[in-house]
Amino acid sequence: NAGVMQNPRHLVRRRGQEARLRCSPMKGHSHVYWYRQLPEEGLKFMVYLQKENIIDESGMPKERFSAEFPKEGPSILRIQQVVRGDSAAYFCASSPLVGAGGEQYFGPGTRLTVT
Amino acid sequence: DAKTTQPNSMESNEEEPVHLPCNHSTISGTDYIHWYRQLPSQGPEYVIHGLTSNVNNRMASLAIAEDRKSSTLILHRATLRDAAVYYCILRDLGNQGGKLIFGQGTELSVKP
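Residue numbers (this note's numbering), protein chains in the order written: chain A, 223 to 337; chain B, -9 to 102.
Hints were generated in silico from the structure; no laboratory data involved. Hints should not be assumed to be uniformly reliable.
Reference excerpt, derived from the structure (chain B facing chain A, CB under 7 Å, subset only) [stated by the list, open to error]:
#1 G33
#2 K89
#3 F92
#4 Q94
No experiment lies behind these values; they were computed from the predicted model shown. Virtual Cβ for every residue (Gly too), placed ideally from N, Cα, C.
Work out the full structure: start from the sequences and follow the hints.
This is the structure we're talking about:
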């Protein structure tokens, strides 16, 4: 059973370009979470999605960031008009069920560098 | 989610047990105690979780105080591969979103 897959693993963008980060959850998992880890900082929750629905986006920046998890295909985190402050590691996690008892399985992350 | 307090760093010798403490004095009755770890340059990894009773799995043991205001993650024989940042996280049954709120964690170093 393959784990959570993220691609690309490394992404370089110039300021003002768009970044698209993809996450394929584990087989059978319908809950996806995105987290961001800025350099020398801790992990911060961004958004929680189920298939075709955004459940909790309380950690998403108000502008330029969006996320989706379509019925078919991977979850996408999209960052428009990237700035240097967006440089970070972005981790996706998936879970087979929601609730306090369910563990989350993390992918290897996408390291975004904005030049 | 209730806050947890962990030491910033700890050291251990290889093949010795490690006890990683976590204080959560404001824990509520519906909070689960979760532990994750993050190895260098990798994504976080689930370690163990519990509610009231002590828990064991192939990776570690979780000892929960009777009043639940503190817990200890126990690695029975540390290996070099256990060097990581360990996060103690409380998750509420009422938190339907299921998000994890990470603190600063404890950076564990293991000496050969």
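(request) Classify the hint on B/Q94 as holds or violated, based on whether any CB of chain A lies nearer than 7 Å to its CB. (result) The hint holds - B/Q94 has a Cβ within 7 Å of chain A, the shortest such distance being about 6 Å.
(request) Grab the minimum C-beta distance from B/K89 to chain A and call the hint holds if it beats 7 Å, violated otherwise. (result) At 4 Å from the nearest chain A Cβ, B/K89 passes the 7 Å test, so the hint holds.
(request) So, B/G33 near chain A? Judge it on the closest CB pair being under 7 Å. (result) Because about 4 Å separates B/G33 from the closest Cβ in chain A, which is inside the 7 Å limit, the hint holds.
(message) Is the interface hint satisfied for B/F92? The criterion is a beta-carbon contact with chain A at less than 7 Å.
(response) 4 Å, holds
The structure is consistent with each of the numbered hints, conforming to all of them.
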